[in-house]
Amino acid sequence: MKKSSILGIIVIAVAIAVIISTYSTSSTYGSFNDAKKTGSELHVVGHLNKQKALFYDATKDANYFSFYMKDNKGEECKVIVTGTKPQDFERSEQIVLTGKMKGNEFHASHILLKCPSKYTDGKLNVTEVSARKSASI
Amino acid sequence: MDIAYKGEHLLPGQLGQFFIVLALGSALFSFICYFFASRETALKGDNSWLHMGRIGYWLNTVSILGMGTCLFYLIYNHYFEYHYAWSYTSRSLPVYYIVSGFWNGQEGAFLLWMFWQAVLGNILIWKAKSWEKPVMTTVALSQVILCSMILGVQIGAAHIGSSPFLLLRNAMEAPIFQRADYLDFIKDGRGMNPSLQNYWMIIHPPVLFLGISSLVIPFAYAVAGLWQRRYQDWVKPAIPYALFACMVLGTGVIMGAFWAYESLNFGGFWAWDPVENASIFAWLVLVAAVHVLIVFKNTGHSYFTATLLTLLSFVLVWYSSFLARSGVLGDSSVHAFTDLGLFWQLVIGVMVFLVITVYLLVSRWKELPITKKDEETYSREFWMFVGAVFMGLSCFHLIIVTSIPVWNLMFGTKFAPPVDPVKHYNVIQASFAVVVTLLTGFTQFLKYKKTDVTRFFITTIIYLVFAALITALIAFGTGVYKLHFVFILVMLCSVYSVVANAKVLADAMKGKFKLAGSAIAHIGFGLMLVGALISAGTKRVISENLTGEQYSEDFAKTENPKENILLYKNEPLKMGDYSVTFTGDTIEGLNHYFNINYTRLDAKGNKTEEFNLRPNVIVAGDAGLSSSPDTKHYLLHDLYTHVTMTNIISNDPKAAEEQQHGANTDDSDYDAPVAHQIAIGDTIPYRDGIIVLKRLNKNAKIQDIPLTQNDIAIGAQIEVITHGKTYKAEPVYLIKGKSVYDFGKKVEDAGLKLSFTKIIPGKTPGEGKVEITVYTQPESKKKFIVMKAIEFPYINFLWAGTIIMVIGFFISILRRNKELKTV
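Heads up: the sequence lines are chains P and H, in that order.
115 is the number that my numbering gives to position 115 of the first sequence; each next residue is one higher, with no gaps.
Every position in the second sequence, counted from 1, becomes a number in my numbering once 137 is added.
To be clear, the hints were calculated from the coordinates, so they are not data collected in a lab.
Using N, Cα and C, we set each Cβ at its ideal position, and we do this for glycine too.
Misleading hints may appear alongside valid ones.
[Unchecked claim] With a Cα cut of at most 30 angstroms, we get these calculated DSS-like pairs of lysine-lysine:
1. H:Lys920 with P:Lys52
2. H:Lys509 with P:Lys2
3. P:Lys3 with H:Lys509
4. P:Lys60 with H:Lys920
5. H:Lys510 with P:Lys3
6. H:Lys434 with P:Lys2
7. P:Lys3 with H:Lys584
8. H:Lys676 with P:Lys100
9. P:Lys50 with P:Lys70
10. H:Lys551 with P:Lys37
11. H:Lys586 with P:Lys2
12. P:Lys85 with H:Lys706
13. H:Lys551 with P:Lys100
14. P:Lys78 with H:Lys918
15. H:Lys503 with H:Lys373
16. P:Lys3 with H:Lys503
17. H:Lys711 with P:Lys60
18. P:Lys85 with H:Lys920
19. P:Lys85 with H:Lys676
[Claimed, not checked] Just the calculated beta-carbon pair ranges, DEER-fashion:
20. P:Ala15 with H:Gly549: 20 to 26 angstroms
21. H:Tyr771 with P:Ile20: 42 to 48 angstroms
22. P:Ile20 with H:Pro915: 55 to 61 angstroms
23. H:Ile607 with P:Ala15: 29 to 35 angstroms
24. P:Lys3 with H:Phe748: 33 to 39 angstroms
25. H:Met309 with P:Asn49: 27 to 33 angstroms
26. P:Glu76 with H:Gln840: 54 to 60 angstroms
27. H:Lys373 with P:Lys3: 25 to 31 angstroms
28. P:Ile80 with H:Arg228: 39 to 45 angstroms
29. P:Lys2 with H:Phe947: 46 to 52 angstroms
30. H:Leu498 with P:Lys52: 55 to 61 angstroms
31. P:Ile80 with H:Pro915: 24 to 30 angstroms
Modelling step: build the complete structure from the supplied sequences, incorporating the hints.
Here is the structure:
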């Protein structure tokens with residue numbers, strides 16, 4: 001057999017191996033319900049429940065942050081993050097969590113936030129100097 | 138109803154928009170003229186098409202400069218009636234960031250790309266000689282597509298391009314635009330995202346876009362070669378340009394990595410973020426292409442692969458651009474590039490170049506100079522070819538995984554990227570790196586066409602053993618041996634590559650200096666991998682804190698280590714080998730610096746080292762806080778410090794206002810007061826230290842209150858000793874007329890407020906006591922920061938490797954350029 005054919009076969013084999021390994025390590029997007037069933041890590045997309053309180057108190061523990069999130073199917077779950085509260089968290093429009101369920105709590109190892117921050121949204125911030133403020137100085 | 142708006146500067150925008158249309162028109166004109174000039178049917182000696190093509194391209198260049206000038210004028214003068222200026226700059230930005238505001242938005246980035254392409258096009262017009270006509274056809278076509286991206290024309294429901302000269306009132310709807318004087322209310326622009334406020338933002342995009350735009354040249358040469366049926370000729374002139382693109386694009390990408398490393402915004406120098414991956418697709422494929430082009434030039438083998446890789450590298454540039462700008466990566470990337478609604482236009486951009494590639498290869502398939510002869514096993518070209526193929530495969534893997542959102546979109550599936558992408562990519566890419574680095578090593582001992590086999594094996598094995606020894610030293614010295622075995626293999630192969638190429642370099646110094654370029658580039662590449670492996674593999678968070686109050690030890694074992702520590706002001710804390718103290722904060726403009734003192738003590742408790750780090754937090758109005766670290770650089774490692782949270786600055790407008798107005802009374806900041814009756818010399822213990830009453834001062838004075846002879850003012854001179862520091866305070870007790878007042882004193886740094894509230898006379902003056910009321914601040918009201926400290930060892934190998942690699946590319950360019958002249 002020609003060497004180029006051997007090389008060709010190796011290339012195809014590696015390519016297939018790459019696709020299979022990608023397929024097997026890729027996770028799925030799911031809901032909290034799915035997370036309860038599988039027990040393995042997955043991605044959950046949802047939004048912050050602004051009615052319920054966020055908890056972060058650096059003086060008690062600088063690495064504990066919890067909040068309630070509603071996934072896209074409307075199910076709510078308590079989420080615990082080991083770390084500090086991300087900046088701008090309250091304003092997030094969408095949250096992508098990576099993690100798994102432990103009991104009734106979702107332990108997230110990674111959070112991706114989508115914020116309508118002033119750098120991306122289409123809203124206009126109009127600054128008007130208020131009379132009250134200038135009078136009090 | 139038309140409103141006569143006041144105060145707008147419409148002329149520069151209209152001029153800019155005119156230049157955009159002119160640029161598109163002239164690029165199209167140039168493309169058409171060059172196309173006809175290149176046709177085989179064009180008459181020999183008739184250069185009118187060629188001249189018109191050149192004029193079109195020059196006009197395009199002038200229009201791009203015009204556009205840039207107009208845009209800069211808008212930004213520099215703070216004309217916030219323009220959406221672009223309003224979105225990306227503000228009055229408070231320093232001038233150098235105003236310059237970088239120019240390419241902050243996507244439109245500006247396209248403009249930068251077009252600008253470099255215009256420059257390169259002019260170089261080709263000057264240099265390309267017989268290749269000018271067909272090569273410039275492709276370059277002009279690329280310029281047409283780029284211009285269309287910023288056209289900003291609405292046709293029915295579809296809009297073509299997004300113009301940087303769009304007016305704010307056309308970009309968004311708001312009731313304020315009903316007012317003719319709306320501009321009076323727009324005092325400032327939105328400014329620049331704080332994470333972009335870094336000097337790398339000034340230099341990184343221009344270099345990166347020069348790299349990106351220079352990829353068009355090898356592509357254009359390959360297209361020209363196939364189109365004009367000059368199958369072999371195009372390779373030689375294309376090689377120096379391809380090397381140039383590799384060098385500049387590589388530099389640009391690494392600058393981005395350095396920026397990411399320095400600002401730590403993405404968790405290190407390379408986090409396998411989809412946008413980072415996309416930036417390297419084209420580089421990997423082009424480096425592979427350069428190797429196969431050289432193989433073809435030397436032996437005549439591998440023509441098809443060389444051409445295919447060259448063509449694909451440019452298609453991948455467009456694919457990367459699509460990934461980064463279409464919004465398709467929205468759920469998987471932290472680079473928040475917004476979708477300008479150009480999704481389909483970007484798809485068309487990718488498709489145009491893909492179709493050209495496929496069409497030319499298919500239509501010319503039978504004529505391609507493909508050799509039927511098999512390569513020698515012990516020839517350099519065969520293994521160079523294998524190495525290039527593996528680089529292509531590594532890129533293939535990156536594309537497959539990064540494109541998961543694209544697959545989902547195409548097939549309606551719901552895959553998500555790997556849960557731990559860094560691990561996934563690191564292991565698989567490391568496996569490819571093993572093959573590639575091994576090949577960059579032993580191919581150096583092979584010759585083109587035929588090699589003496591015995592000698593080859595002897596040298597290879599000697600160097601391999603030597604490399605193994607060095608690797609063992611490194612692995613045990615740095616702790617790399619604890620990692621996945623693949624990483625140790627990569628380490629071995631990288632060291633081997635460095636050693637083998639060092640031998641070639643040594644030989645080259647003796648005479649064959651023209652070979653130095655590739656040897657130097659390979660040494661650089663090897664060192665880069667060594668540095669990346671050690672620093673990514675053994676980086677460690679030294680601010681580990683396992684003492685969270687809410688956790689049991691069990692919990693701390695199973696959860697990832699707690700990476701943030703809490704530091705109260707002036708309370709030292711032991712962290713690793715250091716004792717760290719948060720000593721204070723200073724404000725400079727928008728930047729809020731935190732001073733953190735590091736002291737290293739040896740076993741006996743003697744101070745061996747002391748330094749201060751000043752991590753910075755940028756307060757950007759309502760956009761929140763953005764923190765950037767400060768670093769202590771050592772020769773062999775870097776120590777990072779990063780403020781992740783603080784109660785000193787707040788982005789909550791209410792709290793800020795309260796602070797300003799002093800609306801909240803002091804006492805709410807403190808715990809319930811405790812009164813102590815003590816005599817002079819007595820001590821009051823409190824949570825963080827002791828309070829000592831030194832003496833009473835009968836002649837105390839109070840600012841702004843004149844005292845008469847009948848008034849009695851007594852000051853209690855008190856010392857507070859806490860955390861090894863002593864603070865003095867003198868609260869005053871005042872009897873004025875029939876009223877009694879006490880003037881408390883705050884000791885901010887100790888978190889205390891002290892009041893002198895009563896005098897209790899004794900029988901003798903010595904027995905007299907006083908009542909001191911102590912207000913302690915609750916823990917949560919004390920000033921604190923939460924910080925994270927990370928140690929990156931041996932990172933300098935990575936940077937040194939990069940610089941060496943770039944030098945290698947540069948020497949190679951000189952060499953290939955010289956070959957061009959002599960032939």
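Evaluated hints:
1. H:Lys920 with P:Lys52: With a Cα-Cα distance of about 27 angstroms, the restraint between Lys920 of chain H and Lys52 of chain P holds, given a limit of 30 angstroms.
2. H:Lys509 with P:Lys2: holds (10 angstroms)
3. P:Lys3 with H:Lys509: holds (12 angstroms)
4. P:Lys60 with H:Lys920: holds (14 angstroms)
5. H:Lys510 with P:Lys3: Measuring from Cα to Cα gives roughly 10 angstroms; hence the hint holds.
6. H:Lys434 with P:Lys2: Holds: Lys434 of chain H and Lys2 of chain P sit about 22 angstroms apart, inside 30 angstroms.
7. P:Lys3 with H:Lys584: With Cα atoms ~18 angstroms apart, Lys3 of chain P and Lys584 of chain H stay inside 30 angstroms; holds.
8. H:Lys676 with P:Lys100: holds (26 angstroms)
9. P:Lys50 with P:Lys70: holds (10 angstroms)
10. H:Lys551 with P:Lys37: The given pair, whose Cα atoms are some 17 angstroms apart, holds under the 30 angstroms limit.
11. H:Lys586 with P:Lys2: This hinted pair holds, its Cα atoms lying about 17 angstroms apart.
12. P:Lys85 with H:Lys706: Roughly 20 angstroms between the alpha carbons, so the hint for Lys85 of chain P and Lys706 of chain H holds.
13. H:Lys551 with P:Lys100: holds (18 angstroms)
14. P:Lys78 with H:Lys918: Holds, at about 27 angstroms.
15. H:Lys503 with H:Lys373: holds (22 angstroms)
16. P:Lys3 with H:Lys503: Given pair Lys3 of chain P, Lys503 of chain H holds - Cα atoms ~22 angstroms apart, limit 30 angstroms.
17. H:Lys711 with P:Lys60: Measuring from Cα to Cα gives roughly 18 angstroms; hence the hint holds.
18. P:Lys85 with H:Lys920: Answer holds: Lys85 of chain P to Lys920 of chain H is near 18 angstroms, not above 30 angstroms.
19. P:Lys85 with H:Lys676: holds (23 angstroms)
20. P:Ala15 with H:Gly549: 20 to 26 angstroms: holds (24 angstroms)
21. H:Tyr771 with P:Ile20: 42 to 48 angstroms: holds (43 angstroms)
22. P:Ile20 with H:Pro915: 55 to 61 angstroms: The hint (55 to 61 angstroms, Cβ to Cβ) holds, given that Ile20 of chain P and Pro915 of chain H are roughly 57 angstroms apart.
23. H:Ile607 with P:Ala15: 29 to 35 angstroms: holds (34 angstroms)
24. P:Lys3 with H:Phe748: 33 to 39 angstroms: violated (59 angstroms)
25. H:Met309 with P:Asn49: 27 to 33 angstroms: holds (29 angstroms)
26. P:Glu76 with H:Gln840: 54 to 60 angstroms: With a Cβ separation near 56 angstroms, Glu76 of chain P and Gln840 of chain H satisfy 54 to 60 angstroms, so the hint holds.
27. H:Lys373 with P:Lys3: 25 to 31 angstroms: Given about 27 angstroms between the Cβ atoms, the range holds.
28. P:Ile80 with H:Arg228: 39 to 45 angstroms: holds (42 angstroms)
29. P:Lys2 with H:Phe947: 46 to 52 angstroms: violated (38 angstroms)
30. H:Leu498 with P:Lys52: 55 to 61 angstroms: holds (59 angstroms)
31. P:Ile80 with H:Pro915: 24 to 30 angstroms: holds (25 angstroms)
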